[in-house]
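Asks: The chain contents come next:
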Amino acid sequence: MSTRVPLPRWVDIALLPLLNVVLAFLIGGIVVMLVGQNPLDAVGIMLYGAFGYGSGFGYTLYYTTDFVFAGLAVSLAYHAGLFNIGPEGQAYVAGLGVILAALALNGQPWFITFPAMVIAGAVFGAAWAFVPAVLQAKRGSHIVITTILFNFIATSMMGYIISRILKPDTVASDESAPIDAISRVPQLRLFWSLFKNSPVNISFFLAMLALLAVYWLIWHTKFGFAMRALGHNPTAARYAGISNAKIIMITMALSGALAGMVAVNNVGGVQGRLILNFVSGAGFVGVAVAFMGKGHPLGVALSALLFGALYQGGQELAFSMPGITREMIVTIQALVILFTGAMGDMLRTPLERLFRPREPAAGGG
Amino acid sequence: MGYYTDLILILDSTVRLAIPLILACLAGLYSERAGIVDIGLEGKLLGSAFGAAAMSAVTGSAWLGLLAGVGVALGMSAIHGLASINLKGNQTISGVALNFLAAGLTTFLGQSWFHRGGYTPQLSGDQRFNPITLPFADQLKDVPILGGLYSELISGHNILAYVAFMAVPVTAFVLFQTRFGLRLRAVGENPKALDTAGISVTRLRYQALIITAVLVGIGGTYLSIAQSAGFNNNMSAGRGYIALAALIFAKWKPWPALATCLLFGFLDALQFRLQGVKFPLIGEVPVQAIQVLPYVLTIILLAGFIGRAVAPKASGVPYTKER
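The listed protein sequences derive, respectively, from chains P and B. 99 is the number that the working numbering gives to position 99 of the first sequence; each next residue is one higher, with no gaps. Just add 1000 to wherever you are in the second sequence, counting from 1, and you've got the working numbering.
These aren't lab readings, by the way, just hints derived from the structure by calculation. Computed from a prediction, not measured in an experiment: that's the story for all the values here. Treat each hint with caution, since some may be false.
[Said to hold, decoys possible] Derived, one-sided and incomplete: chain P residues facing chain B with beta-carbon distance under 10 angstroms:
{"#": "1", "residue": "Leu34"}
{"#": "2", "residue": "Phe83"}
{"#": "3", "residue": "Pro132"}
{"#": "4", "residue": "Leu135"}
{"#": "5", "residue": "Ile324"}
{"#": "6", "residue": "Met328"}
{"#": "7", "residue": "Thr331"}
{"#": "8", "residue": "Ile332"}
{"#": "9", "residue": "Ala334"}
{"#": "10", "residue": "Asp345"}
[What the hints assert, rightly or not] No more than 30 angstroms apart at the CA atoms, straight line, and that leaves these computed lysine-lysine pairs for BS3-like:
{"#": "11", "chain 1": "B", "residue 1": "Lys1278", "chain 2": "P", "residue 2": "Lys167"}
{"#": "12", "chain 1": "B", "residue 1": "Lys1088", "chain 2": "B", "residue 2": "Lys1251"}
{"#": "13", "chain 1": "B", "residue 1": "Lys1313", "chain 2": "P", "residue 2": "Lys246"}
Beta carbons are placed, not taken as given, at the ideal position from N, Cα and C, and that holds for glycine.
Based on the sequences and whatever the hints tell you, model everything.
Replies: Next up, the structure:
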């Protein structure tokens, strides 16, 4: 093989991922055509549903909030070479922390309960990620498998806790006691009437803060450097005097804490109580968001917004286009993971050929 | 006698619940032994369950359904192979993507083809694989102890169930007694050595993926048109992941895989029987506690507290020839 000429930077970090996303959507479009609908019409309806009116836009931002947290959780761990597929379970368990904190302080104004919910959610989410981290760091069990298994354990455990312990006798369905309106995370419609009846709440700003914090952590701290060193080459990191076990455990705890913020957004800001399976796949969307965003907070923000728009626009589409269901979005999500994650380098070779600097043929081939 | 009949019935449902696990677990065994991690087993089970039910509903033939089920699994394996063998992508990510793809497409296509909220039409008669009564099962039913065992537990399953049990000794033989098996194990441990010996790593890994697809395709088919009478949303319900856990628990060996799948199937069967049953001293055991047992057991094993589970060395690592 001839010496590889690296791609120009902008092609590598912008064009290649963009082409992969376009490819994923093209195939999604073909599937839409397969069931006899016009994909362009579908895109129009989705765009209108996601951005065209106040409450739709609010919903888009609400979904975006979830996906930013989950996407950051996956990205952060990935920088340390850890594939955390567990944000779903970590967010679910964090819901327990959030509801316990909120119910303990029930009746207090939001500026007291909100920080409490954030801290409790972070602690519970971190704890649920910490166990697989310890198992990886100390016992060498693979984090991918253990985080998957922990998702299942979380589902069963939370099902038991919600239906047998938290459920008050006065409530018919399986859910916890409600949080008083005054103690919930305030929704943005209180300040801007634009958002009408949409659930977007101030967790959205927390998500923006988290983006900045993660950026700073990864690229501007000693810890972030150690983390990336571990991710690139564990052996080299160890020789450089970095304690890999420590970094794994701290990174996973932080990752779980980020995932836990999904619970603040939903339990504290939307449902106002702990319900069964409230995460409903947001943790898994985080995987897609992280790969599409290449693990960079800016990329995560953009792809979270894209997925937020897809989820909200997809609802709209399911209403107005016969034959299209919400699952179409899961399909697109899968295609995005496939093309930006697993097959991310498919177009690299053709692009390298395209962008190879023109020079006289010397020793090519 | 009452207790004995109860036991036979629990064991019978153990077998029924274990069959898709056995098939998926052996499927995973082939690909992981060849060095390819297959998180996508769950999606393949789901996809082939849908393919089988849809085909059987349209054509009325369970055998064509089986063909479609295996076909879907082959297609998904081809994507997995392209991503993880040719493009040298991340196998875990590819598997995760396949799981989402199956979850999304089965419901989406099911809804737009059959308009039943993601369910396929109810199947009956030749559209399903029906129980086979083994010779003399009815006559021997009343023989004490062994009669019940034979007529309830051993007889009365469908052909796919027997295929699943046959697959275990066959796998053990192929893996440990044939040249192909030796190469398969080698390519998962040290692909370079194989490459040096002039054997194509790519070809061998694709062969493994094909066997994986056939087995998991039969497993998915069993779910929708043998065990049930049609497809419903997300009907694999995590069985692919349990099979993966069982594979680790069995340390990537065929006979222990059978034992583990039976154990996990037994826990599953127990969970239905113990609902609402009160024990002396401990009282009622919550279903959730039994539900999590396979996962907890696997984690304890992974943590190295009961033996050590060491995966094939090259598992999950794409092979690149040096040039």
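Asks: Compare the structure with each hint and give your call.
Replies: Status of the hints after comparison with the structure:
1. Leu34: The hint holds - P:Leu34 has a Cβ within 10 angstroms of chain B, the shortest such distance being about 8 angstroms.
2. Phe83: Status holds, d = 6 angstroms.
3. Pro132: For P:Pro132, the interface hint holds, since the closest Cβ of chain B sits about 8 angstroms away, which is under 10 angstroms.
4. Leu135: holds (5 angstroms)
5. Ile324: At 8 angstroms from the nearest chain B Cβ, P:Ile324 passes the 10 angstroms test, so the hint holds.
6. Met328: holds (5 angstroms)
7. Thr331: holds (3 angstroms)
8. Ile332: With a closest approach of 8 angstroms, the P:Ile332 hint holds.
9. Ala334: holds (3 angstroms)
10. Asp345: Since the shortest Cβ distance to chain B is 6 angstroms, the answer is holds.
11. B:Lys1278 to P:Lys167: Judged against 30 angstroms, a Cα distance of about 22 angstroms means the pair holds.
12. B:Lys1088 to B:Lys1251: holds (26 angstroms)
13. B:Lys1313 to P:Lys246: holds (25 angstroms)
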